Amino acid sequence: MQSASKRDVRWSWAIVGALVAFMAAFAAGCGSDDDSSGSSDEAQQEIGKTEDELNLVIWAGYAEDGSYDPKVDWVTDFEKETGCEVNTKVGNTSDEMVQLIEQGGYDGVSASGDASGRLYAAGDVQPVNTDLVPNYADITDALKDQPYNTFDGVNYGIPNDRGWNVLAYNTDEVKPPPKSWDAVFPGDDYSGKVTAYDAPIYIADAAMYLRDHEPDLGITDPYELTQEQFDAAIDLLKDQNANIGEYWSDYTKEIQAFSNGDIVIGTAWPYQALLLQGENEPVAFNEVPDEGATGWSDTWMLTEDAEHPNCWYEWVNHATSPEAQAKVAVWFGAAPANLKACGLTGELDPAYFGTADHCDTYHADDEKFWGQIEFWRTPVSDCGEGREDEECVTFDDWIQGWTEVKG
Amino acid sequence: MGRRLAGLFHGRPRLQAGTLLAAPLGWLVIGYLGSLVVLLISSFWLLGELSGHIEGTTLEHFDRIYTEGVYRAISLRTIGVAAAVTVTDALLAFPIAFYMAKFARPRLKSVMVVAVLMPLWSAYLVKVYAWRTILSEDGALNWVLNPLGLHGPDYGLFAVYLVMSYIWLPYMIIPIYAGLERIPDTLLSASSDLGAPPGHTFRRVVMPLAFPAIVAGSIFTFSLTLGDFITPELVGGSTQFIGSVVYDNFASNLPLAAAFTTVPILVMTIYLLTARRLGAFEHL
Amino acid sequence: MRLSARQHFLLRLSAFGVLAFIYIPLLIIGIEAFNEARTLTWPPPAFTTEWFQRAFENTGARDAFLYSLRTAAIATTIALFLGSLAALGVSRFRFFGREAVSFLVILPIALPGIVTGIALNSTFTKVLGLDLGLLTLVIAHATFCIVVVYNNVIARLRRLSTSFEEASADLGATPWQTARWVTLPNMRTALVAGALLAFALSFDEIIVTVFTIGVGEETLPQWLLNNFSRPQQLPIVNAVAVIVILLSIIPVYLAHRLTREEGSAAAPRGGGAVAAAEATAAP
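Protein chains in written order, with numbering that gives the first Met the number 0: chain F, 0 to 406; chain U, 0 to 283; chain D, 0 to 282.
Because the hints were derived from the structure by calculation, they are not lab data. Keep in mind that this is a model prediction, so the values were computed, not measured. A portion of the hints provided could be inaccurate.
[To be verified] Okay, derived cross-link-like pairs now, DMTMM-like style, lysine to aspartate or glutamate, Cα gap no bigger than 25 Å in a straight line:
hint, chain 1, residue 1, chain 2, residue 2
1, F, 70, D, 130
2, F, 79, D, 49
3, F, 174, U, 192
4, F, 70, D, 56
5, F, 79, D, 130
6, F, 237, U, 192
7, F, 405, U, 192
8, F, 70, D, 49
9, F, 79, F, 51
10, F, 405, U, 153
11, F, 88, D, 62
12, F, 70, D, 35
13, F, 367, F, 395
14, F, 88, D, 56
15, F, 79, D, 216
16, F, 88, D, 130
[To be verified] These stretches of chain U come out as covered by chain D in the derived footprint (C-beta under 8 Å, 3 or more residues):
hint, stretch
17, 33–46
18, 219–230
19, 256–264
For glycine and all other residues, C-beta sits at the position ideal for the given N, C-alpha and C.
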């Protein structure tokens with residue numbers, strides 16, 4: 000085989016160079032022509048003819064269509080009624096949800112507070128006309144016009160529910176039932192069998208723990224931390240990391256880990272614990288440990304480039320109807336946004352394992368309870384009221400910090 | 000018409016070659032290399048705090064990847080595992096490849112080759128997942144070891160090393176087998192006829208000739224380990240590897256993920272160039 | 000090479016030992032697929048074929064299977080076309096950068112899948128503004144399947160003497176006629192083998208797929224990934240896994256037979272099945 004002559008070699012480099020320049024120009028040009036943050040369109044004024052499908056990014060368990068258990072289903076009746084075929088993609092963390100929405104192709108998302116702010120700022124979602132959702136009137140005022148679903152005075156979504164992150168544990172291995180998060184911070188008693196939520200937002204749980212246990216740090220808001228407070232939380236999490244068996248973001252992996260015995264204690268949503276109990280596994284969860292709990296309130300948001308907005312409005316109205324609300328609240332383990340659901344929770348098919356006192360157990364109407372729950376938010380550098388002289392760590396650093404924790 | 004075109008091409012080998020190669024090269028150079036360039040460029044982007052939109056360029060991602068402790072640890076850990084897996088697989092692959100090439104009777108050899116090829120093709124995922132269940136608390140491995148008072152490895156670094164060694168093993172066996180196959184039997188018998196004991200023949204004749212083939216196989220064990228995020232996710236517990244960090248950050252911080260991919264790209268480029276020098280490309 | 004009886008015995012032992020190591024986990028999965036218990040305890044308390052039945056009926060698995068087939072078919076076709084063109088160009092002509100072409104062709108497989116996946120994803124979504132879908136998935140798969148076809152074909156072409164083609168041209172055939180009547184028929188088995196291997200590669204691939212697949216679609220490996228820990232689906236997943244393993248045996252075996260036919264009965268030389276096999280690093 001002849002070796003390339005010098006001139007030919009130079010030619011090939013020239014071609015490569017031209018190519019690089021071409022792609023660079025392309026990338027630079029195309030990369031930065033997005034809208035500026037915050038979308039300024041008006042919400043639509045009426046619901047038109049429904050399209051034939053709807054693509055949603057959801058938390059697991061928010062739109063059951065009978066594929067888990069044929070009796071657990073509040074999607075099929077919607078599909079039959081409206082002709083909107085519902086396609087769902089489960090997001091395991093808010094970060095995943097944001098990324099899925101950014102990739103495009105979806106109409107809506109059930110966003111928690113730490114996703115909604117980012118979606119709004121990135122211009123990925125559009126304002127929502129609450130008049131088009133008749134069931135909106137019945138939603139508890141506590142969830143309306145909140146900082147995580149209303150931006151600049153404009154509604155950007157319809158509330159679905161709220162809940163909190165619980166401390167789940169294996170009743171055979173963990174005795175007595177834990178009352179405090181110190182069972183997992185750092186979790187030396189259960190070394191190798193502790194789990195934690197695999198997302199940067201979990202740093203807030205550590206901060207919340209330190210708020211009570213290291214008052215000298217002066218932590219008031221677990222989402223707005225000074226560098227010093229943040230570093231302390233990271234150190235605590237690094238200690239915990241030595242005891243972690245596996246982190247979880249896919250709820251099914253947590254379920255599997257608990258039922259295999261690989262994990263015996265850690266953060267979970269009521270959803271996993273309830274599913275495990277439904278399979279007769281020895282799992283229980285503590286209501287709210289001494290130090291408090293982080294939580295979430297989820298809002299149905301409509302994407303900026305949604306191709307099926309009419310189906311979206313119909314869906315959201317369906318999802319906030321008393322029947323669907325009762326089902327999702329019971330199935331997932333959360334407090335419904337529409338309190339009319341409370342009368343129905345005891346009358347569902349046994350497959351739901353619903354109880355009549357569900358709303359009481361989940362504090363659906365108990366604002367005093369929710370006062371102690373730290374709802375997921377996106378940390379920003381502005382520390383908030385009364386702390387203008389401080390500078391807080393931004394979410395980017397939370398993400399980096401989380402990588403460091405996992406090591 | 001055909002003849003006229005034929006006339007056009009006649010005596011113009013460059014034109015013929017060019018036409019043949021235009022499509023595939025276009026696809027690979029513009030499509031694939033171009034994408035790599037795009038990736039590289041995106042690693043210089045600076046994203047807005049909340050909005051995630053591009054607001055400028057920066058070197059901070061590279062700075063982070065190449066200087067910050069945790070990222071270096073992850074890079075070294077991944078490269079270390081890749082090296083360990085490669086060495087392990089070379090050691091495991093050699094006996095079976097040698098046996099298949101030089102000692103097995105033709106029918107047995109044929110059966111063995113097929114037996115090695117088959118798992119190579121079937122669902123990488125199935126194999127990782129099989130190990131996940133084998134290594135779990137209630138799994139098959141503990142079932143065997145517990146009565147002996149032992150306990151299998153937990154999900155973590157060792158588990159990842161073990162599973163990857165398992166999965167890439169056939170990729171090492173095949174090239175070594177082919178390389179050994181090419182060593183003429185006459186060479187080996189000449190060596191022993193000249194009085195060399197088997198060990199000597201092995202060291203002086205077989206190994207040098209087989210070495211490039213081993214390097215060829217190692218290209219894949221190394222490369223596949225460097226970028227894998229699924230095996231760490233399923234059996235790695237909480238341990239992070241290059242692939243898992245890239246996958247996690249691809250979601251929220253593409254420039255950082257892109258910057259991190261330069262590590263495997265660099266490592267593989269150096270590895271490939273070295274392998275070429277060592278003659279491994281003849282064995283691909 | 001003569002080994003002592005003991006050395007020979009040890010060699011055989013390690014050879015078969017490694018073979019056993021390779022197959023035991025697969026057998027375990029095979030056994031689990033028949034495990035009656037839903038939580039797949041080990042050892043299995045009882046056996047049933049129920050899961051296989053359910054697997055065939057499961058719409059998610061079926062749809063994923065069909066989508067995988069579709070993707071693999073299209074990607075293989077493209078790869079066949081591009082790979083053989085490239086092989087023809089490289090083996091029959093001398094030009095600058097010839098070695099570079101071989102290097103380039105192998106790059107999509109030699110670089111870790113995640114790099115390829117992210118690179119293609121960024122280009123598709125950010126530079127070209129495409130929505131992810133079948134098109135992007137097929138482009139991605141075709142890109143790494145090219146090398147499989149290329150290796151098979153070029154190995155064959157190297158063995159094929161050019162004298163046939165020269166004779167054909169001397170007898171007055173146009174390049175097209177030569178290609179059609181002389182070159183291609185001789186390449187046929189290499190093309191088929193390459194196609195089979197490319198198909199299997201595309202069917203099995205997961206990492207690049209994750210980054211280039213469209214919203215709401217799944218390939219069969221993705222279905223496995225998304226369902227392996229779902230309590231309800233777990234046993235079905237095992238059954239599907241067994242089916243996938245069995246299904247991939249066929250193309251591999253066929254490809255192996257095809258590339259073995261010429262050359263010594265002993266083994267595939269250089270390119271052919273060897274290169275194709277290990278070039279299918281897959282994930």
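Going down the list of hints, with the structure as the test:
1. F/70 to D/130: It is violated: about 35 Å lies between the C-alpha atoms, which goes past 25 Å.
2. F/79 to D/49: 31 Å, violated
3. F/174 to U/192: Violated. Residue 174 of chain F to residue 192 of chain U sits at ~74 Å, over the 25 Å cutoff.
4. F/70 to D/56: Holds, at roughly 18 Å.
5. F/79 to D/130: This hinted pair is violated, its Cα atoms lying about 28 Å apart.
6. F/237 to U/192: Given that 25 Å is the threshold and the Cα spacing comes to 64 Å, the pair is violated.
7. F/405 to U/192: Distance ~59 Å between residue 405 of chain F and residue 192 of chain U Cα, so the pair is violated.
8. F/70 to D/49: With a Cα-Cα distance of about 21 Å, the restraint between residue 70 of chain F and residue 49 of chain D holds, given a limit of 25 Å.
9. F/79 to F/51: 11 Å, holds
10. F/405 to U/153: 16 Å, holds
11. F/88 to D/62: Roughly 16 Å separates the two Cα atoms, so the pair holds.
12. F/70 to D/35: Holds: residue 70 of chain F and residue 35 of chain D sit about 23 Å apart, inside 25 Å.
13. F/367 to F/395: 32 Å, violated
14. F/88 to D/56: 22 Å, holds
15. F/79 to D/216: 22 Å, holds
16. F/88 to D/130: 16 Å, holds
17. 33–46: Answer holds; 6 residues pass the 8 Å Cβ test.
18. 219–230: This one holds; 8 residues, not fewer than the three required, reach chain D with a Cβ under 8 Å.
19. 256–264: holds (count 5)
Comparing the model with each earlier hint shows violations of hints 1, 2, 3, 5, 6, 7 and 13; every other hint is respected.
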